[in-house]
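Letter by letter, the chains look like this.
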Amino acid sequence: MDIKNIKKEFPIFKQKINGKPLIYLDSANSSQKPKVVIDRISHFYETEFSNVGRSVHALAVKATNSFETTRDKVQKYLNANHREEIIFTKGATEAINLVASSYGKKYINKGDEILITELEHHSNYVPWNFLRTEKGAVIKFAQVNENGDVELDEIKKLITSKTKIIAITHISNVTGAVLPITKIVDLAKEKKIPVLIDGTQGAPHSEIDMQKIGCDFYAISCHKMYGPNGLGLLYMKKKWVDDLPPYQGGGGMINEVKKDEISFADAHTKFEAGTMQTAEVVAFAESLNFIDKLGIKNIASHENEILQYGLEILKKNNSINIIGDPKERGSVLCFTLKDIHPHDIATILDDDGVAIRAGHHCCQILHDKLGIPATARASIGVYNDKEDIDKLSDAIKNCQKVFQN
Amino acid sequence: MELKELYQEIILDHGKNPRNKGKCDGFTNDAKAHNPLCGDKVHMYLKLNKDKEIEDLSFEGEGCAISLASASILTETVKGKNLSFFKKINEDFLNMIKNKKKITINSLSEDQITTITSLSGVQEFPMRVKCATMAWHTCLSAVEKK
Chain A
1 MDIKNIKKEF
11 PIFKQKINGK
21 PLIYLDSANS
31 SQKPKVVIDR
41 ISHFYETEFS
51 NVGRSVHALA
61 VKATNSFETT
71 RDKVQKYLNA
81 NHREEIIFTK
91 GATEAINLVA
101 SSYGKKYINK
111 GDEILITELE
121 HHSNYVPWNF
131 LRTEKGAVIK
141 FAQVNENGDV
151 ELDEIKKLIT
161 SKTKIIAITH
171 ISNVTGAVLP
181 ITKIVDLAKE
191 KKIPVLIDGT
201 QGAPHSEIDM
211 QKIGCDFYAI
221 SCHKMYGPNG
231 LGLLYMKKKW
241 VDDLPPYQGG
251 GGMINEVKKD
261 EISFADAHTK
271 FEAGTMQTAE
281 VVAFAESLNF
291 IDKLGIKNIA
301 SHENEILQYG
311 LEILKKNNSI
321 NIIGDPKERG
331 SVLCFTLKDI
341 HPHDIATILD
351 DDGVAIRAGH
361 HCCQILHDKL
371 GIPATARASI
381 GVYNDKEDID
391 KLSDAIKNCQ
401 KVFQN
Chain B
1001 MELKELYQEI
1011 ILDHGKNPRN
1021 KGKCDGFTND
1031 AKAHNPLCGD
1041 KVHMYLKLNK
1051 DKEIEDLSFE
1061 GEGCAISLAS
1071 ASILTETVKG
1081 KNLSFFKKIN
1091 EDFLNMIKNK
1101 KKITINSLSE
1111 DQITTITSLS
1121 GVQEFPMRVK
1131 CATMAWHTCL
1141 SAVEKK
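Those sequence lines, one after another, are chains A and B.
Here the numbering used here is used: the first residue of the first sequence is 1, the next is one more, and so on.
Here the numbering used here is used: the first residue of the second sequence is 1001, the next is one more, and so on.
Note that these hints are calculated values from the structure, not bench results.
Computed from a predicted model, the values in this text were never measured in an experiment.
Incorrect hints may appear among the rest.
[Claimed, not checked] Taking lysine to any residue pairs in the SDA-like style, the calculated list, with each CA pair at most 20 Å apart, reads:
1. Lys1041(B) <-> Gln364(A)
2. Lys1004(B) <-> Val402(A)
3. Lys1004(B) <-> Gln400(A)
4. Lys401(A) <-> Lys1041(B)
[Stated by the list, open to error] Some residues of chain A that are not near chain B, with every Cβ distance over 12 Å (derived):
5. His82
6. Ser263
7. Gln308
8. Asn318
For glycine and all other residues, C-beta sits at the position ideal for the given N, C-alpha and C.
Starting from the given sequences, assemble the full structure and let the hints guide the process.
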């Protein structure tokens, strides 16, 4: 497989949007799916489907094996020490809620501090808010600087003896800032504070090695990694897997259930209550195969080339204001256009087949700080090329023409 | 559906130069709303007299051309009219956007009908319907506030 020619692996690009070829620049929202992943889902339903981990019949064995093979694959992909450290969830949002709930229940009390940043997506703020309202915890926000970065010193400054967890994004979905997560984890380790990393934007675009990063929790959105929708996962360090209480109760997560007492299952099973996404988990192995075949480093460098080209081209348009100028930028490019609201931009670009997102991107805290209610965002995936950027640039010019009339 | 029908001159004009923007003096009723999906905001202010007439009305808000134009057109259309007129035109407007119905109220000038109808292009853009209807829903909430 060749990255330059990768669009043909994605069936969605065969269609026209408003009579024009689809230029998909919304991968930070969700990525498109390669044919191998789509095929794996149908193949699973056609030949292997059964619920996993319960029955003993042939299909159940087949399905369970496929399901658990993905866990092994994820363990390897993340370089996690134990397969039990991989917990499937319905998304990165649920992964963070799981930690906020289970860790919060056991370790966060009145006056304890949760340290997050102003860059966080609502899914890495709102779950912590529950601990503020229910337990009287305090949420502290590390400030974003004028370039859209959060500096290590800013985190350092806010750590106190009451800090019970640091929950930060790996890559901002608005400014694109890549946070110094390894340094933050090192700092937190000195103070014995666990760190959760929201890897929603980080995982699809960079090498993620749990041994190198050293964090306690890493949340992943599988559907942004060319994987099926409705699937996420949580890497949880073994000591927490053994220590934390369950998140949800139900089938599958128990050891023994009696009228007066219930004991819970061990390992990841404790956190996977009820029937799990099955075809989705099975097919996610194909997403990882797809990424591995191309090589995540090659994907990252290809995306960076397109991103840098995008910055160069959009900067030539004097009416465009690019949001943020971080030291290192992930695959997002947020911008505003003089006198034209992002919603109008998005609708007009769509007419040219160019799919972007407009709004606050679930980051109202950050947009308040920036003093703008909404931005337009073009985000890059493996299938984007320079031609897509040229089409984006032309479509923006068309949009300006509509408003000049 | 042509994009040009959505971004007509009337809409662009009202979007760029919204009428009755700000907080009107001595308002008696107000209501605000926002769209949590996109962050658009609108705050309607009405000055009602004892004869149930809208003596003055205005709005504050931020949003796209469609939402600003819609709020602007609303204020221009119902300023100086009584509440029963407002309720009727509000119903007509929402029916036009949501059910593709024509404006039936007969006390409007042809110009006013053209202006209001300019927003009907939103029908073809389901994701933008809320942009066009938010000010109207909010104005009704302001009126119904005791």
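Consistency of the hints with the structure:
no.	hint	verdict
1	Lys1041(B) <-> Gln364(A)	holds (13 Å)
2	Lys1004(B) <-> Val402(A)	holds (8 Å)
3	Lys1004(B) <-> Gln400(A)	holds (13 Å)
4	Lys401(A) <-> Lys1041(B)	violated (26 Å)
5	His82	holds (40 Å)
6	Ser263	holds (42 Å)
7	Gln308	holds (29 Å)
8	Asn318	holds (19 Å)
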